[in-house]
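Starting from the structure of chain A, add chain B where the hints point.
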Amino acid sequence: DAGVIQSPRHEVTEMGQEVTLRCKPISGHDYLFWYRQTMMRGLELLIYFNNNVPIDDSGMPEDRFSAKMPNASFSTLKIQPSEPRDSAVYFCASTRFTGASTDTQYFGPGTRLTVL
Amino acid sequence: ELKVEQNPLFLSMQEGKNYTIYCNYSTTSDRLYWYRQDPGKSLESLFVLLSNGAVKQEGRLMASLDTKARLSTLHITAAVHDLSATYFCAVLPYSGGGADGLTFGKGTHLIIQP
Numbered sequence: 021d022a023g024v025i026q027s028p029r030h031e032v033t034e035m036g037q038e039v040t041l042r043c044k045p046i047s048g049h050d051y052l053f054w055y056r057q058t059m060m061r062g063l064e065l066l067i068y069f070n071n072n073v074p075i076d077d078s079g080m081p082e083d084r085f086s087a088k089m090p091n092a093s094f095s096t097l098k099i100q101p102s103e104p105r106d107s108a109v110y111f112c113a114s115t116r117f118t119g120a121s122t123d124t125q126y127f128g129p130g131t132r133l134t135v136l
Numbered sequence: 023e024l025k026v027e028q029n030p031l032f033l034s035m036q037e038g039k040n041y042t043i044y045c046n047y048s049t050t051s052d053r054l055y056w057y058r059q060d061p062g063k064s065l066e067s068l069f070v071l072l073s074n075g076a077v078k079q080e081g082r083l084m085a086s087l088d089t090k091a092r093l094s095t096l097h098i099t100a101a102v103h104d105l106s107a108t109y110f111c112a113v114l115p116y117s118g119g120g121a122d123g124l125t126f127g128k129g130t131h132l133i134i135q136p
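Here the protein sequences come in this chain order: A and B. Going by this note's numbering, the first residue of the first sequence is number 21, and it counts up by one from there. Going by this note's numbering, the first residue of the second sequence is number 23, and it counts up by one from there.
Do not rely on the hints blindly, as some may be mistaken.
Capping the alpha-carbon separation at 25 Å, the derived lysine-lysine pairs in BS3-like fashion look like this [what the hints assert, rightly or not]:
1. B:39 <-> B:78
2. B:90 <-> B:25
3. B:90 <-> B:78
4. B:63 <-> A:98
5. B:90 <-> A:44
6. A:98 <-> A:88
Derived contacts from chain B toward chain A, CB cut-off under 8 Å, selection only [unchecked claim]:
7. 41
8. 48
9. 65
10. 70
11. 91
12. 105
13. 108
14. 116
15. 121
16. 123
17. 124
18. 126
19. 128
20. 129
Worth flagging that the hints you see were computed from the coordinates, not collected in a lab. No residue lacks a Cβ here, since even glycine has one placed at the ideal position from N, Cα and C.
For reference, chain A alone in the conformation it holds in the complex (with noise of 0.2 Å):
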């Protein structure tokens, strides 16, 4: 399998406009979290969708952030209008879950996110 495929990997962007980034999760796995790491608040969860479902959309910092997933191959994590304070890196993870104790979040390489 390829592991989990996010893009862009980088993108660097003005303050004011919108970013959208994109992940495909592995195949056959049920639920997709979104993360942000930087260096001041460490890796935070921003949302999470189970069967294509939002789970948990607690972390979303505002309404700036929107997260999708039409289908289990597929999810965009948007950011409308962008702000420097929003620069970090933005990892998509997935995972099947069925109870065993390997049962592990696969993360993706991330896109680094520069808004200036």
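Just chain B, lined up with the frame of chain A:
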């Protein structure tokens, strides 16, 4: 609110030495994870620990879990330079079943010098 604390946050050690990273968490948890992150890279899953007393080993790394103390340790034996990385512990909050988002510690930045 679930809190996860790691210590130390920074560790510089010499090759061949042993050391332990500690991870404390504040509430009941379903399971605990250890991840490795190399600079500019993604997170790689190392261990998943479920039950009290669980111990897992891979090469020079050994992880253990004490659910009563809400403490996990990552022990490094005879460190080698290739183990230099940032190590995160992460906790899955108790949910009665099913996956959930992880709460991460701040990470331990480990440098192993020849």
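Against the structure, the hints:
For the given pair, residue 39 (chain B) sits about 20 Å from residue 78 (chain B) by alpha-carbon distance, which is consistent with the 25 Å threshold. For the suggested pair residue 90 (chain B) and residue 25 (chain B), the alpha carbons sit about 16 Å apart, so the restraint of at most 25 Å is met. With a C-alpha separation of about 18 Å, the suggested pair residue 90 (chain B) and residue 78 (chain B) falls inside the 25 Å cut-off, and the hint holds. Restraint check for residue 63 (chain B) and residue 98 (chain A): satisfied, since their Cα atoms lie roughly 22 Å apart, inside the 25 Å limit.
With a C-alpha separation of about 38 Å, the suggested pair residue 90 (chain B) and residue 44 (chain A) falls outside the 25 Å cut-off, and the hint is violated. Distance restraint check for residue 98 (chain A) and residue 88 (chain A): the Cα-Cα separation of roughly 9 Å lies within the 25 Å cut-off, and the hinted pair is therefore satisfied. The criterion of a C-beta within 8 Å of any C-beta in chain A is not met by residue 41 (chain B), whose closest approach is roughly 22 Å, and the hint is violated. Using the Cβ-Cβ criterion of 8 Å, the hint placing residue 48 (chain B) at the interface with chain A is not satisfied: the shortest such distance is roughly 16 Å.
Among the interface hints, the one on residue 65 (chain B) holds; its C-beta lies about 4 Å from the nearest C-beta in chain A, closer than the 8 Å criterion. Checking residue 70 (chain B) against chain A by beta carbon gives a least distance of about 5 Å; that is within 8 Å, so the hint holds. A distance limit of 8 Å between C-beta atoms decides the matter here; for residue 91 (chain B) the minimum to chain A is near 20 Å, and the interface restraint is violated. Interface restraint check for residue 105 (chain B): the shortest CB-CB distance to chain A comes to about 19 Å, outside 8 Å, so the restraint is violated.
Residue-level restraint check for residue 108 (chain B) is violated (minimum Cβ-Cβ distance to chain A is 10 Å; threshold 8 Å). About 14 Å separates the beta-carbon of residue 116 (chain B) from the nearest beta-carbon of chain A, more than 8 Å, and the hint is not met. The beta carbon of residue 121 (chain B) comes within 4 Å of a beta carbon in chain A, closer than 8 Å, and the hint placing it at the interface holds. The beta carbon of residue 123 (chain B) is positioned within 8 Å of a beta carbon in chain A (closest approach about 4 Å), and the interface hint is therefore held.
Interface hint at residue 124 (chain B): satisfied, since its Cβ lies 6 Å from the closest Cβ of chain A, which is below the 8 Å cut-off. For the restraint placing residue 126 (chain B) at the interface with chain A, the shortest Cβ-Cβ distance is roughly 4 Å, inside the 8 Å limit, so the hint holds. Interface restraint check for residue 128 (chain B): the shortest CB-CB distance to chain A comes to about 5 Å, inside 8 Å, so the restraint holds. With 8 Å as the threshold, the beta carbon of residue 129 (chain B) comes within range of chain A, its nearest partner Cβ sitting at about 7 Å, so the hint holds.
Comparing the model with each earlier hint shows violations of hints 5, 7, 8, 11, 12, 13, 14; every other hint is respected.
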